[in-house]
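Q: Numbering of the sequence shown is given in this note's numbering, commencing with residue 7 and proceeding in unit increments.
Think of the hints as simulated: they come from the structure by calculation, not from any bench. Keep in mind that this is a model prediction, so the values were computed, not measured. Beta carbons are placed, not taken as given, at the ideal position from N, Cα and C, and that holds for glycine. Do not rely on the hints blindly, as some may be mistaken.
Think about it this way: if two alpha-carbon atoms lie no more than 27 Å apart in a straight line, the pair counts; the simulated DSS-like pairs of lysine-lysine are [claimed, not checked]:
{"hint": "1", "residue 1": "K447", "residue 2": "K22"}
{"hint": "2", "residue 1": "K392", "residue 2": "K322"}
{"hint": "3", "residue 1": "K321", "residue 2": "K22"}
{"hint": "4", "residue 1": "K392", "residue 2": "K239"}
{"hint": "5", "residue 1": "K392", "residue 2": "K14"}
{"hint": "6", "residue 1": "K321", "residue 2": "K447"}
{"hint": "7", "residue 1": "K51", "residue 2": "K357"}
{"hint": "8", "residue 1": "K392", "residue 2": "K447"}
{"hint": "9", "residue 1": "K322", "residue 2": "K447"}
{"hint": "10", "residue 1": "K321", "residue 2": "K392"}
{"hint": "11", "residue 1": "K322", "residue 2": "K14"}
{"hint": "12", "residue 1": "K22", "residue 2": "K322"}
{"hint": "13", "residue 1": "K321", "residue 2": "K14"}
{"hint": "14", "residue 1": "K244", "residue 2": "K392"}
Restraint-style ranges between C-beta atoms, simulated for each label pair [unchecked claim]:
{"hint": "15", "residue 1": "L416", "residue 2": "C336", "range": "30 to 36 Å"}
{"hint": "16", "residue 1": "L110", "residue 2": "V183", "range": "25 to 31 Å"}
{"hint": "17", "residue 1": "A241", "residue 2": "G195", "range": "48 to 54 Å"}
{"hint": "18", "residue 1": "V183", "residue 2": "K357", "range": "29 to 35 Å"}
{"hint": "19", "residue 1": "H347", "residue 2": "M196", "range": "30 to 36 Å"}
{"hint": "20", "residue 1": "G419", "residue 2": "K357", "range": "18 to 24 Å"}
{"hint": "21", "residue 1": "Y274", "residue 2": "V129", "range": "16 to 22 Å"}
{"hint": "22", "residue 1": "G439", "residue 2": "F25", "range": "19 to 25 Å"}
{"hint": "23", "residue 1": "N94", "residue 2": "Q135", "range": "53 to 59 Å"}
{"hint": "24", "residue 1": "Y121", "residue 2": "Y274", "range": "29 to 35 Å"}
{"hint": "25", "residue 1": "Q135", "residue 2": "A241", "range": "50 to 56 Å"}
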Amino acid sequence: MMNSKRQKLLNGNLRKLLFTFSLPTVIGMIVASLYNLVDTIFVGKGVGPLAIAAITLILPIMMVFLAIATMIGMGAASIISRALGAGNRERAISAMAGAYTLGLLLITPLIILLYIFKDRILVLFGADQVVFQYASSYLAIVLPGFFFFTLSFIASQIIRAEGMERAATYPLIIGAVLNIILDWLFIFGMNMGVEGAALATTISQFTMFVVVILYFTFANTIFKLKKNKFHLKLALLKDNLRIGFPSFIEQISSSIIFILINSLILQYGNEIYLAIAGVGQRIILIALRPVFGIGFSFSTITSFNYGAERLRRVKKVLREAILWVVLLLCVVYIIIFTIPHLMLSVFSNDKTLILQGMMPLRIMALLLPFRGFFIIGRSFFQAIGKPRQALIINVSYIFILIPLFYILPLIMGINGVFASWPIAVFISACLSGIFLFREIKVLDHNIRQLGMGY
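Input sequences plus hints: build the corresponding full structure.
A: Structure (C-alpha cells):
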C-alpha cells in the first residue's frame, strides 16, 4: 500500500493529486478549528461579549502549544516524506518516534508551570476584574486538553506525511463533532457557562488523542507504537528542529502579538473591541484553514518529489498551489467585505459588538489573498528542507508588524491596530515572492545541468 502511495505521489497528475490530498486535509483543518470557534459561538450566545473577551485573552497560551505541535509536526513530516520518497523507511520511523518523545518532553513541564502561574499570567496579559474570573475558570479546565491536542496535532502531521491524508482527518472530525454536542449540552442544557465550554473542549481533545492511539496500534501503517522505538536520535532531532523552527517562530510570534494587541485594544478601545478582535481573528483563521490544508498537502507532495529528485514536478505543484489558494482567498475576501454583519451575528446577538465590529473585520480581511502566497512560500521551503528562507519570511513579518501596531493607532485610532495585519502580510508576501523566484532559478539550473525531474 505504501509503494502504491509513493508511486502516485511521484507519477500522478499533480492538480488531481493536490485536490485529492487537500480535500480531506482541508476538511480536517476546518473541523479542527471548530474547537475554538464553537466555544466562542456558544459562549457568545450563552454568556455574552465579556466571555468572548476572556477567551480571547487565553488565545496566546493556546498558540504556544500550537507552536510546539507545529514545529515538531512540520519538521517530522518533512523528514518522513523525503525519507519515504527516497525509499528509506527506517529513517521515517525514527523521525516519528523522536517527534513524539520530544513532544512529551516539552509540553509536560509547560502545563505544570502554567497551572502554577496561570493567574499571574492572565494579569500580565491584561485581564481586568471584568474578564479575569471568566478567563481563569476557562484556563484551569482547558489546560489538560492542550496536552492531548498537541500530541494529536503532531500525530496528524505524521500520518499525513505517510500519504494517509484521510486517516489524518478522522480524529479531528470525531473530536470536533463531540465538542459541538458537549458545548450545547454543558452551556445551554446544564448552564455551566465558560466552564462548560472548557470541559467540552478537554473531553473532545482527549477523545481525539485516544483515536490517534488506536490508529497507530491497529491501522495498516509503518508507524507502530513500540517502546524500544521511542528515543531521540540527535541527528534527526537537529533536522526536525531546524525545519520546524520557522513554524515555531511564526506561532510564538503570533502569541506575543496577540498579547500586544490585547493591551493596545484596551488602551485605544474597550472590552467590546477586545471581543471584536477575538471574533475577527476566528473568522480570518477559519477562512485560512483551507489554505493551511492545501499547504500541508502541498508540502507532502513537494517533499516526496524533491526527495526523489523529480524537480519539474516540484515546480509544477508550487505553481498549482499558489494559483488555487489565491483564487480561494479572493472569494473569501469578497464574502467578508460584503456581509461582515452576518458573520459577526453568528458569534453574538449584542448589537454594539456587531455595529462596531463591521469596519475592523473588513480591515482585517484586507489583502487576504496575499496571506495565501505567504503561507505557500513558507511551506515550500520547509518541504524541501531549506528552513532559513522560511524563517526569514516569518521574522520579517514580526519585525514589520510590531512597529505598525504602535504607529498606526496614533494616526487611525483603534482601526490602526486592525490595519497593521494586512500591511505586514503584504510586505512579507513580497519577500516570499523574491525567495521563491530565486529558488525556482536554482531548480531550473539543476534540471538543465543534471537532467533531473519529470
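Q: Going through the numbered hints above, which ones does this structure break? Give me the numbers in ascending order.
A: Failing hints: none at all.
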